[in-house]
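These protein sequences, in sequence, are chains A and B.
By my numbering, the letter at position 57 of the first sequence is numbered 57, and the numbering carries on one by one without gaps.
In short: position in the second sequence from 1, add 373, done, that's my numbering.
Everything labelled a hint here was simulated from the structure, so no lab data went into it.
No residue lacks a Cβ here, since even glycine has one placed at the ideal position from N, Cα and C.
Wrong hints could be hidden among the right ones.
Said to hold, decoys possible - Which chain B residues face chain A? A few, computed with CB under 7 Å, are given here:
hint, residue
1, P394
2, V398
3, I526
4, D527
5, E568
6, D572
7, L573
8, G574
9, C575
10, T578
11, P587
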Amino acid sequence: MAVPLFAPWNDPAQKPLIQFKNVTKRFGDFVAIDNQSLDIYTREFFALLGPSGCGKTTMMRMLAGFEQPSEGQILIGGQDMKGVPPNERPVNMMFQSYALFPHLSVYENIAFGLRRMGQPKDQIDARVEEMLRLTRLSKFARRKPHQISGGQRQRVALARSLARAPKLLLLDEPLGALDKKLREETQFELMDIQEKTGTTFVIVTHDQEEAMTVSSRIAVMDEGRIIQVATPSVIYEAPNSVYVADFIGDVTIIEGSVRSVGPVYDIDWAEGQPPLRAASPLALSVGQKCHIAIRPEKVEVHHSRPEDDNALQGRIIDVGYGGNLSTFNIRLANGKFLRAQSFNTERKTKQEFTWEDDVWVSWTDHCAVLLAE
Amino acid sequence: MRKWPLIAVPYLWLLLLFLVPFLIVIKISLSDAALSIPPYTPTLDLAAGWAGLRQFLSELDFENYAFLASDDLYWRAYLSSLQIATVSTVLTLMLGFPIAYGMACAPEEWRPTLMMLVILPFWTSLLIRVYAWMGILSTEGFLNNFLQWLGVIDAPLMILNTQNAVYIGIVYTYLPFMILPIYSALEKLDGSLIEAAEDLGCTRTKAFWLITVPLSRPGIIAGCFLVFIPALGEFVIPSLLGGSETLMIGKVLWEEFFNNRDWPVASAVAVVLLLILIIPIVLFQRNEQKQREAGK
């Protein structure tokens with residue numbers, strides 16, 4: 001059975017759950033968020049991605065109510081959040097440090113938010129039990145936070161923030177403190193819980209792999225501005241800028257200028273080298289400076305000259321064997337470096353290509369991403 | 374095994390400077406007052422050998438303790454000391470907590486200065502500071518002059534030589550001992566815990582009572598003991614500020630020793646005071662230990 005594609009952002013009839021309207025946030029002279037607008041829809045798993053200091057945490061803290069925008073409006077469920085304190089917002093947050101109350105047991109931590117709602121005791125008990133089951137913590141209910149492992153603490157923090165059934169859950173670097181293996185497991189667990197509870201998640205992270213794995217859409221941020229908002233695959237395959245292309249995943253960026261326009265552009269990139277060809281919907285003019293971004297896995301490595309359009313000669317300088325794939329650092333004829341990756345789909349101990357091999361590399365016009373300067 | 378000498382140092386210190394003197398005090402408390410030097414009998418005559426020792430032991434008795442129990446002066450002095458120490462501890466907490474809280478909330482670069490200001494009074498002798506309070510609190514003192522100048526009162530208030538002066542003196546003197554442990558507990562408090570509490574539906578006030586206060590409890594308890602224990606046996610402050618109407622055991626002790634020259638009764642008073650203090654000291658130690666374990 002085909003599941004209908006979840007893409008409320010493409011449906012003009014959908015009302016966004018969260019709206020940032022021309023929001024600016026200043027701390028003294030420092031502009032943390034510079035006149036940004038953003039819509040996030042119900043049931044989305046939305047990632048704010050960027051290097052530290054890019055403003056992603058400020059965006060989240062404004063949603064939680066810990067910071068007020070200097071200018072502009074934030075709406076949650078159509079309601080202006082101006083002056084609404086954190087305790088009156090339909091929002092809960094999972095803190096980067098988890099912020100578990102050290103003097104309360106796991107059970108009391110989870111019940112904390114429910115008690116503040118003034119629910120009857122049996123209802124609280126039932127809800128806490130449900131949360132403990134959801135996060136597989138039932139055995140640890142009586143323990144104090146310092147008596148459980150880091151992964152368990154992470155789940156307590158999640159259970160506590162979900163217990164009040166918020167419309168919106170904010171996650172601040174939720175997996176940052178976990179080791180790689182646990183982090184990967186937990187990513188899928190998070191997605192599972194998000195789906196089960198139907199809560200809208202907004203996650204702040206600097207880990208692009210994490211953002212790609214979990215989220216329905218990603219906002220890539222830099223210096224207080226949102227550079228691109230799109231699904232992970234669009235961000236990866238059709239970045240709108242050199243910044244995004246470079247920030248997400250591995251990429252080789254080649255500078256050049258337009259020689260001939262068309263749906264498939266010819267790009268001059270090096271003296272005495274044939275132009276590179278790249279298909280692009282962009283409208284560039286002849287002579288304009290531009291960049292070509294090529295993902296290493298799109299590049300093929302050959303022993304002899306291939307038939308493709310973009311075929312270049314080079315020499316393998318470095319080989320990185322990663323088990324499932326091998327990465328090659330190839331020096332081209334003009335001294336520039338290009339990265340290529342090939343999957344090791346067959347089991348063999350001897351590599352097909354190795355150090356100092358003279359090789360040809362190639363890619364198709366559609367695999368290169370043309371970016372304006 | 375090589376650690377032995379190092380470990381022995383504090384025990385040796387305690388043995389020589391606490392346990393041995395304490396045993397001497399207990400021994401004196403079991404003796405009888407006498408007009409001699411030293412002013413009590415019996416004294417141990419080592420030259421008489423076994424017989425001398427037996428003679429010595431047979432003359433010791435609990436008479437002085439029985440006397441303490443029978444004369445209600447002592448009971449009232451102990452109870453009044455307990456009351457004054459308890460009330461002063463509560464007052465010091467009520468004043469010290471907000472100060473510590475304010476210090477912990479202050480910008481980081483101010484904190485060393487604020488800490489310095491809290492400790493600063495210790496740079497002057499306690500005696501001088503207590504005398505200064507006499508000057509402030511007396512009927513012709515600064516406080517009364519100031520209040521009369523303001524027109525708040527017509528006749529000077531009697532503060533000096535009352536129990537209120539003792540409270541003021543104790544709270545003033547021991548305030549740093551309350552502030553410092555509370556401040557150190559509050560300073561360690563992770564600000565995101567308060568945010569988490571607000572995020573989970575607490576108002577600021579509620580978050581303070583549910584998170585800040587319980588988490589600073591070890592500091593509060595430590596501060597209370599550090600004030601209560603010395604305040605219970607306090608002598609200088611009640612004798613200088615409290616006048617004749619204030620009854621505190623430290624003062625009674627002093628009078629027994631130096632006015633009555635009754636060393637045995639004074640020693641008995643001291644031993645009972647120590648026994649009363651042992652309870653809070655043991656509780657204090659347990660609190661410290663629990664804190665250390667929680668810290669691990």
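Structure-based check of all given hints:
no. : hint : in the structure
1   : P394 : violated, 41 Å
2   : V398 : violated, 42 Å
3   : I526 : violated, 44 Å
4   : D527 : violated, 49 Å
5   : E568 : holds, 6 Å
6   : D572 : holds, 5 Å
7   : L573 : holds, 4 Å
8   : G574 : holds, 3 Å
9   : C575 : holds, 6 Å
10  : T578 : violated, 11 Å
11  : P587 : holds, 5 Å
The earlier numbered hints that this structure contradicts are 1, 2, 3, 4, 10.
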